[in-house]
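Line by line, the protein sequences give chains A and B.
Anchor point for the first sequence: position 298 equals 298 in this note's numbering, and the numbering is continuous, going up by one each time.
Just remember that this note's numbering sits 444 ahead of the position in the second sequence, which is counted from 1.
Hints were generated in silico from the structure; no laboratory data involved.
Because the structure is a prediction, the values reported are computed rather than measured.
Heads up, the beta-carbon is just placed ideally off N, CA and C, and yes, glycines get one too.
Where hints are given, some of them may not hold.
Unchecked claim - Calculated pairs, DSS-like style, for lysine-lysine (alpha carbon to alpha carbon, straight line, at most 27 angstroms): (1) B:K617 with B:K567; (2) A:K406 with A:K171; (3) A:K195 with B:K567; (4) B:K532 with B:K612; (5) A:K195 with B:K612; (6) B:K653 with B:K612; (7) B:K532 with A:K406; (8) A:K132 with A:K171; (9) B:K532 with B:K617.
Stated by the list, open to error - Simulated restraints, written as ranges between beta carbons of each label pair: (10) B:R462 with A:A346: 47 to 55 angstroms; (11) A:P341 with B:A616: 47 to 55 angstroms; (12) A:S116 with B:A601: 29 to 37 angstroms.
Unchecked claim - Covered stretches of chain B (chain A as the covering partner; in silico rule of three or more C-beta atoms under 8 angstroms from a C-beta of chain A): (13) 617-625; (14) 633-645.
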Amino acid sequence: MTVTVELDDIQAAVLRYRPEPYYGTHILGHFDDAHAGRELLARLAPHIRSAAEWWQAGDTWTSVALSYTGLTALGVPQDSLRSFPDSFRQGMAARAEQLSDYGANDPQHWEPPFGSGDIHIGVSIFSSSPDKWRAALAAARHQFGELPGVTVLMAQDFGAQPDDRNSFGYKDLIGQPAIEGSGADPLPGQGRPIKAGEFILGYPGEAGVRYPMPYPEVLGRNGTFAGIRKYQSRVGAFNRFLGENAQTLQERELLAAKLVGRWRSGAPLTLAPEKDDPALGADPQRNNDFTYASDPHGREVPFGAHMRRMNPRDTNLAVLTDVNLHRIIRRGTTYGAPYDPDATSAQDDEIPRGILFIFLAARAMETIEFLQREWINDGNFTSLDDERDPLVGLQPKEQATFTIPKEPVRRRIHGIETFNVLRGGEYLFMPSLPALRWLAELGR
Amino acid sequence: MVTQTHPAASSALSPESRQKVKELRDLFADAPETARTALEDVIGEAASNESGQDESGTPVVSAGRIGLRQGKVSELTFIAPLSPDGAKRLRAALNLLHGNAHAADRVGTVHDMRFAFLENDTKLLFATAYDGDWDTYINDFATKIPAYMDLLFSAIADWPGIGDPSVKDVIAKYQIQVEAWYVANPDLTVVETRRLERVGQALEEFLDKVGQ
Chain A
1 MTVTVELDDI QAAVLRYRPE PYYGTHILGH FDDAHAGREL LARLAPHIRS AAEWWQAGDT
61 WTSVALSYTG LTALGVPQDS LRSFPDSFRQ GMAARAEQLS DYGANDPQHW EPPFGSGDIH
121 IGVSIFSSSP DKWRAALAAA RHQFGELPGV TVLMAQDFGA QPDDRNSFGY KDLIGQPAIE
181 GSGADPLPGQ GRPIKAGEFI LGYPGEAGVR YPMPYPEVLG RNGTFAGIRK YQSRVGAFNR
241 FLGENAQTLQ ERELLAAKLV GRWRSGAPLT LAPEKDDPAL GADPQRNNDF TYASDPHGRE
301 VPFGAHMRRM NPRDTNLAVL TDVNLHRIIR RGTTYGAPYD PDATSAQDDE IPRGILFIFL
361 AARAMETIEF LQREWINDGN FTSLDDERDP LVGLQPKEQA TFTIPKEPVR RRIHGIETFN
421 VLRGGEYLFM PSLPALRWLA ELGR
Chain B
445 MVTQTHPAAS SALSPESRQK VKELRDLFAD APETARTALE DVIGEAASNE SGQDESGTPV
505 VSAGRIGLRQ GKVSELTFIA PLSPDGAKRL RAALNLLHGN AHAADRVGTV HDMRFAFLEN
565 DTKLLFATAY DGDWDTYIND FATKIPAYMD LLFSAIADWP GIGDPSVKDV IAKYQIQVEA
625 WYVANPDLTV VETRRLERVG QALEEFLDKV GQ
C-alpha cells in the first residue's frame, strides 16, 4: 500500500501497535521553568523514533506528549496557544460534564497528579523486551533526573502480564482502525482504511476537509491529540457479577464473553458463538475478520457488548451515525496486579490494577466526549434506552442493566456495577518530530 | 372586580413566591378583566411550582451552547436571513420532500421540524425538537446526508455548507432564545418511542392470542 502521510515526521507511537509481549512505563512530569522544559525536549528529541516502517515494530520506542499547561509553561506564543481547541485548553478535569465523569468518576476523587493542572508532559516507553525497556527507562530517568527544573509527578510501569491479559483477564486492543496512506495493508476485518486526517493533523478527513490545527504549521502538522484515562479495575465486583448471574464455569465464561463480545482469549463471538477458540483468539489474521451482517439481532454479540458499542461496524444503528468518524487509535496498557479469578471481596476492588487507556485522534477530545456520552454512558443509539457500556460505563446505583438478546425472549440482568472506576485523566498534544524541535528551540 | 387572594395561593407559599405573586398582580393591574380573572385562577398552582419543574420532576435547563433542554429532549429555534430567491427555492425543495422525510426518519433524533417564511420571504424561521445536544451528530450529517442538509439550509444567505467547520457558528449566530417550552414526555427519545411502539404491538398480539 502506498504511503501518503509523512511518516518520517510522525512519532512512532501514533502508528505502531502495542508489541506482544509488552513492557513499559508512563512518566508524567512538570516543568518548573520554561528553560528546563525546553532543555528536556531537546534531550528527548533524538530518542523519539519516527513512524517510518512502523509495521515492522518489534523494538523499543518512546513517545512525548504535552498538555495545554505544559505548552504554556514552555512559553509557546499566545497566538499559537489560542489556536488549540477549547476542550484541550480546559483540560480533561474541566470537561467532566461533556465526558459524563460524575459520581465515582468525578475529578474530585481523582488521584494526584491528575486534575491539578500540574501535568505538563507525558513520556511513554513501549518495549517488547524487559531488558530494552529497562535500558530506555534508565535513559529517560537520567534525562529527567539531571534537570533541576523538571519534576517527575508519576511513573507507572505497565504490561508484563501473564499472556498479555488485561486486569479482567481478557486479551484486549484487538480492533484498531486502518489508516489510509499509512503504508500497511489493513488486517482482515479492519474495514476500509479511514482518511488519515481523522488521526493525524494536516490531512483531509472523512468529509474531505482538514480539521483546524494548531498554529503555526510546523507545530500542528503531523501531530495529533491524545488522551490518557487511568482506570482502577474492580475485579471483586466483576467476579461477583459473573458468579451471581451464571451457574457453571461454562456459563460464567459465556457471560464474560457477552459483556465484551469476545471470549477472554480474544476469539469473537461472531466467529465462535458457542465456545471459546483460543487459536482463533491468538491469530491476528482471523480474530477480527467479521462483520455483523450475520448477527443483525445481537444474538451472538449483544448490541450492548463493549466491542459492538465501541465499533458498531455495519450494525443498523437507531441514530444516523457515520461510524468512521468516531474511531480512535487505542494504546491501552494494563498496570498492577494480574487478574485474579478468585477475587470477590470489596478489598479486592481496591488492589491497584487496571488500565491506563491512551487514545489518539485528530479530534481526540471531541471523539472521546462523543464516545463517553453517546456510546458508553447511554444506549439510545442502539435502542437500549439508558443502558451503559458494561466494562467502562458509569453505572447508575439503581436500574442498571445489561441486555442479552435471546430466543424467544431477551435476558436482562439487573444490578450491574461500575467495573472500571476513573482515577484520573488528561488531554495531551502529541507533536510531530519537527514540532518537538521547534518547541525545544523556543526563545532561542 | 376587586382582586381577591386565592385561598390556595396564600397559605403554603414562601416569602419569595409571595413576592412573585405580588409582582404578577401589579403587572396585571391594568390588564383587561379576562386576563386578571385568568391570572387569579391559575396563580396558586403556578406560584407553588417554584423550581420550574413539571409534575414528573424534569427541569428545563440549557441545552449546552444554545437552546433549551427538558429531560432528553432539546429545542432549537432560529431566524436567519435568506439569500435572494432563497425562499422560492426552499419552498420548492420542501414541496419535493413533502411526504417523503426519509432522511429525517433515518436521523433518529428529530421529533419535529417547522419551516416558516417571515417578512416577505426574506427570513426563515426554523424550529425543531430533537434528542440530546444539537451539535453531537453534525459531523455525521456532513458525511451521511450532506445533500439533504445543504438542500434545506443553503437558502440561508451565509450558509457555508454542512461540511464547513464554521457551520456550527453560523447556526448559533441566528439562534433565538425561546421564552418557554413544553414537552409532554421529556424522557422519551425518538428511538425509545419507536421501541415502545414495537413492544406495545407485540404485547397486544400476545394478549390477543392469550385472550382467545
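Structure-based check of all given hints:
Between K617 of chain B and K567 of chain B the CA atoms are separated by roughly 14 angstroms; this keeps the pair inside 27 angstroms, and the hint holds. Between K406 of chain A and K171 of chain A the alpha-carbon distance is near 26 angstroms, which keeps this suggested pair within the 27 angstroms criterion. Of the supplied pair hints, the one linking K195 of chain A and K567 of chain B is violated, its CA atoms being roughly 38 angstroms apart against a limit of 27 angstroms. The straight-line distance between the Cα atoms of K532 of chain B and K612 of chain B is roughly 25 angstroms, inside the 27 angstroms bound, and the hint therefore holds.
Proposed proximity of K195 of chain A and K612 of chain B is supported: the alpha carbons are some 22 angstroms apart, at most 27 angstroms. Straight-line distance between C-alpha atoms of K653 of chain B and K612 of chain B comes to about 52 angstroms, which puts the hinted pair past the 27 angstroms bound. Taking the CA atoms of K532 of chain B and K406 of chain A, the gap is about 52 angstroms. The hint is violated against a cut of 27 angstroms. Our distance criterion of 27 angstroms between C-alpha atoms is met by K132 of chain A and K171 of chain A, whose separation comes to about 23 angstroms.
Of the supplied pair hints, the one linking K532 of chain B and K617 of chain B holds, its CA atoms being roughly 23 angstroms apart against a limit of 27 angstroms. Against the hinted window of 47 to 55 angstroms, the Cβ-Cβ separation of R462 of chain B and A346 of chain A comes to about 50 angstroms, which satisfies the hint. In this structure, P341 of chain A and A616 of chain B meet the distance hint of 47 to 55 angstroms, their C-beta atoms being roughly 52 angstroms apart. A beta carbon spacing of about 47 angstroms between S116 of chain A and A601 of chain B contradicts the range 29 to 37 angstroms that was offered as a hint.
Proximity of the stretch 617-625 of chain B to chain A, defined as three or more residues with a beta carbon under 8 angstroms from a beta carbon of that chain, is not established by the 0 residues found. Counting residues of the stretch 633-645 of chain B whose beta carbon lies closer than 8 angstroms to any beta carbon of chain A gives 5, which meets the minimum of three for the stated coverage.
The structure fails hints 3, 6, 7, 12, 13 (numbered hints given earlier, in ascending order).
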